[in-house]
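Here the protein sequences come in this chain order: R, B, X and G. Going by the working numbering, the first residue of the first sequence is number 144, and it counts up by one from there. Going by the working numbering, the first residue of the second sequence is number 144, and it counts up by one from there. Going by the working numbering, the first residue of the third sequence is number 144, and it counts up by one from there. Going by the working numbering, the first residue of the fourth sequence is number 144, and it counts up by one from there.
There could be a bad hint or two in this list.
Because identical chains share one entry, a pair is satisfied inside a single copy or across any pair of copies.
Simulated pairs of lysine-lysine, DSS-like, Cα-Cα distance not exceeding 25 Å [said to hold, decoys possible]: (1) Lys450 / Lys294; (2) Lys454 / Lys218; (3) Lys294 / Lys334; (4) Lys218 / Lys294.
Keep in mind that the hints were calculated from the coordinates and are not lab data.
Number of protein chains: 4
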Amino acid sequence: MRGNTFGHIFQLSTYGESHGSAIGGIIQGCPSNIKINIEEVKQELNRRRPGQSKIVTQRKEPDDVIFSSGLFEGKTTGFPMGFQIINTNQKSKDYDHLKDNFRPSHADYVYDKKYANRDYRGGGRSSARETANWVVGGAIAKQFLKSTPIKINAFVSSVGHLKLSMPYPELHFDNIEKNPVRCPDLNLATKMEQYIKEIRKQGDTVGGVIQCVVSGVPVGLGEPIFNKLHAELAKAMLTINAAKGFEYGSGFEGTTMKGSQHNDVFNLDGSTKTNHSGGIQGGISTGMDIYFSVAFKPVATIMRNQKSINKEHQETVIQGKGRHDPCVVPRAVPIVESLTALVMADFVLINRTHQENLNRGIQ
Amino acid sequence: MRGNTFGHIFQLSTYGESHGSAIGGIIQGCPSNIKINIEEVKQELNRRRPGQSKIVTQRKEPDDVIFSSGLFEGKTTGFPMGFQIINTNQKSKDYDHLKDNFRPSHADYVYDKKYANRDYRGGGRSSARETANWVVGGAIAKQFLKSTPIKINAFVSSVGHLKLSMPYPELHFDNIEKNPVRCPDLNLATKMEQYIKEIRKQGDTVGGVIQCVVSGVPVGLGEPIFNKLHAELAKAMLTINAAKGFEYGSGFEGTTMKGSQHNDVFNLDGSTKTNHSGGIQGGISTGMDIYFSVAFKPVATIMRNQKSINKEHQETVIQGKGRHDPCVVPRAVPIVESLTALVMADFVLINRTHQENLNRGIQ
Amino acid sequence: MRGNTFGHIFQLSTYGESHGSAIGGIIQGCPSNIKINIEEVKQELNRRRPGQSKIVTQRKEPDDVIFSSGLFEGKTTGFPMGFQIINTNQKSKDYDHLKDNFRPSHADYVYDKKYANRDYRGGGRSSARETANWVVGGAIAKQFLKSTPIKINAFVSSVGHLKLSMPYPELHFDNIEKNPVRCPDLNLATKMEQYIKEIRKQGDTVGGVIQCVVSGVPVGLGEPIFNKLHAELAKAMLTINAAKGFEYGSGFEGTTMKGSQHNDVFNLDGSTKTNHSGGIQGGISTGMDIYFSVAFKPVATIMRNQKSINKEHQETVIQGKGRHDPCVVPRAVPIVESLTALVMADFVLINRTHQENLNRGIQ
Amino acid sequence: MRGNTFGHIFQLSTYGESHGSAIGGIIQGCPSNIKINIEEVKQELNRRRPGQSKIVTQRKEPDDVIFSSGLFEGKTTGFPMGFQIINTNQKSKDYDHLKDNFRPSHADYVYDKKYANRDYRGGGRSSARETANWVVGGAIAKQFLKSTPIKINAFVSSVGHLKLSMPYPELHFDNIEKNPVRCPDLNLATKMEQYIKEIRKQGDTVGGVIQCVVSGVPVGLGEPIFNKLHAELAKAMLTINAAKGFEYGSGFEGTTMKGSQHNDVFNLDGSTKTNHSGGIQGGISTGMDIYFSVAFKPVATIMRNQKSINKEHQETVIQGKGRHDPCVVPRAVPIVESLTALVMADFVLINRTHQENLNRGIQ
């Protein structure tokens, strides 16, 4: 109800503000006896970590996660995993200028109106610091998904007007982690990197798009009507800070097509010759790759002074200072993957409650 | 869990297949003492009804809704409203050819694999007939929302390549119901109508986009992190049959902008000079208009024969017959509005559980 | 949230007032491909039906249930089962005297204060007519449970001061349906029947206790901490109109025992020599019989005039008229079983989401 | 679903095992701007703390709670409060003898069968150490409830066969905290204390009953049908370790009464002359005191050797050692209050979503 819990069976509940003593959460619903490698969780956190390259924020956050429960002898017990990440780099004084002022296109104003007791330091609960919690949850979900054939790969498909021109099956996913932008086309990645640096020099920011491909999905995941697989993915993706849009399969482009072009013709094995459907029909996975894109606006915090208003509704100036991302998409790639992993893990478990699936060997 | 319930407090649960004896549902969570006009519910159903114009399916479905509970002396009692719409025009024999065959880009195949007891008649539970239930729920939500300043207007913004060029504030919403396409630009509407008729003659279908504007929204609706207002809207919209994408505010276009352009500068009263944010920050309404777009693929049922496979995974041909929509968007307009109304009503009620809001007069 | 939905995965949502046109509900979460015999549903309704014997209310309610969805060729489809029971015997005029008056120990007063638009006819939503919906849901759950070894038997263990003296393993459950009281001790049943008739002659009512035994339960059902098996059973039982208490295993009597007496010593096969635990440890089934008791107060509607107050908080007299049960427990036996079946079906499905169980063959 | 979350709007989610590094949880749904005194939280924890008197376990657990989020300048922000209690006194070696053995009437056996990766140290997740989390959640709920007239008082009403003979209105609640048993009748308390000491000397344990009185409850809290106020209280109480039964109002005793005796006659102000109903009708508070009793079995851990079985289903002996409670009820009093506070806070918030209540000034 209050929006701090994600998922139905495989659930992540989180807490924490940017400048509190710690953030953290509870992962529940992961079956027992799943091997958990904490190092892999930390590797995922490193992919999200500030300071990882020159095109992201230079803040230093060690992001050391500590699990307090739910694990025994290296495996899950079936009980909730409580975890915490200590906030070590809280320079609250950096934010004194935000105490009474509202930054444009940030949540400051609405938080203040809704709650009237706003922790203004670094955005408080609205800070993207929260996404570290999601990466922890996602990393556990990914380890659970190792017991299935499901694989998740996200990558940057556009930065500003620089867009990938190839469809995803022609891309080499191995290239994704080989460049700081996380774009699988290394030529384009270099251009994107240059562009982001240029934008940063201007004290400005720019938006972009992340595409995600989920392969190895068995037929039958997803629940019809109100819990469609793609609807849950859309909700998950629009949870991410700065996300403005979601499309899967043919997406917005598909609206210009005719049915005779768009329909995916079956092969005899049930796969389809094309995949405009994006791996989902009627909310349920078809066995083909699921692919979708997420639009991200330019980060609202820019390194320029901006006119704004304060709590008394008077004019004020927000100074452009601090350490921020000129473009959010490189660091958002592991976040997209994490939420996708949580959604997929959840639907794998929900699917087990269907009698017929069990009898027919679908898990 | 099984995807037949929508909403958190203001909830709609539904049942029914295309060719069962009836569809229906339960609306719960509507506060007591709200005046309900059943005629208005029927008017909304008429907006969704097949056969309403020459560019939609010519099936006849009277869609007479009967409420069994939850109303007393013309007002809600606070108890669940059970309702039912009898299926009067079930020609099950029309669907014998689908018993063992899977239509391309329909849910037939995945339903068969997931449940192994598929009601193949007219798509069964996956049929868009279900959306009549949503319109009933939405019509009740709309009547509840009359106690707030919230107004919801959806309209067709593109059909195939024919797109509205004006931003929504320049449009006359009065025009929406004056043409069968439900496009507020009457010139464009005529072109769209012609185009749809042409497509129908070809036995083909075409996609389109619906835009929705929610005005009069008080500051503070929506819950942060995992129940963001736009995330719930996205989930709702991707629930609609044939929906492939969602964007709000600047959307996908916004990914090409710079932060210095995109940021919405405040006026002294807390409103903003631009509204790239789309009326939502951090998942919470800003008081500015909420606007979003939903992409719809071309309808999968075309009036042409198509190669496909059957249950034995052998080749078969699906005949193009029956009465179907050449373009889904005109009839989807009231569906978009209905689900939006359900989301907004839900957040209005959730917001009441915040102490501070109550004290400060925000309901 | 609004209390009209029962269960987590195997869910029953209901609607309907005593004197509306119909009551009904939606059963969702039942796996697909389960054979459903509608006759068995009707038999269960007959066990709850008014007028079935001389010691229950002589109202006539045919209680004919109609399913509209979720069934195909005699088996579940995995989709929601919408059902309805038409109210045929609504004599609303019988209730005109209740329009402005509050009956003692009924929900009239609190409903009026909470909702301010009270359907006073026959108690409206608070009427035990609602329990017919539960019996329909429970009858479906019972049919699902046939795929497991779980068996549920409830019976009357006391009426007023007349109490069963034997522990349940010494009773013959075959006797339960052989007498109108539903007490398995036929001698005691005769005394109870006499006593209830006497009470009825006095225009009075009397309370009683129902015991329920669930056998064949595999080890491992139930979720620890906040969804313990016995906690969900307690909640279910206290949902029943007139229920005032719940105990399982040694119950209130066990509070006087010492640990050395109370502890259940294991046999080598994991069963226990005694079963003070009542078949549940730590919220999870042990494999031993689950047994519990439910206390019912005397029915509040008596055939005597009673002083009371009206809406204007003035003195009034409630006349003792109508057709009511002198003792609720005989007809509550199938209701106890129905809710128990719903709880057990739910936990069977929840349990499937535990990895280890699946691997080890526990369903 | 997995049983680690309590409540609907005012929610507590918990994690932690007896001998992990920490236990903790997340409290969400508390409205913003509520003053929180951490000292009061610690005082509640002290009431539950081991070693507080000679009749409870002599283990030392400092139970120092640390909040990481959700508070700003001494008041709630409306965001989740993450908290943690470090486990400082984990002597895991004490539990090596339990690694492969199942204690009688403990959760060892069922946990092992259900999860197959059991943290056996001190009972792991099934340990009553978890109840410290509940007391933290309850302490926050109590502070929220200060904005309402609701007051909660629990006390010990029986230990073994020693029972309070007076009804609660004749008791002095001030006496509760004046004796280590927490019985308001000081004479009886002395006898109970002596009896518990005697039981402890025998290396045995004994059960008891706790009664709880909730006063100052406005008319209208609770949701009908499946979320009745007393049904949620029953579920909450049966969540507590060792709880075997629940009754409210006239309870099991009321089953022997006649309707003419049991019915509560109204006073003109809507209060009633008697209160057999226990302050609840139809699941909704009447404005009269809510009172209920909870039965607790004797603690299963006794200081005697007991025959049992091990993982290989061979005979073994469980040694009676460690530091345990001879009687659970004195320390369970704050636990009963805490869960009651969580239930009441939740219903206060749920009630705000009813239109009519708001208009009529009921919160």
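**Prompt:** Failing hints, ascending?
**Reply:** 1, 3
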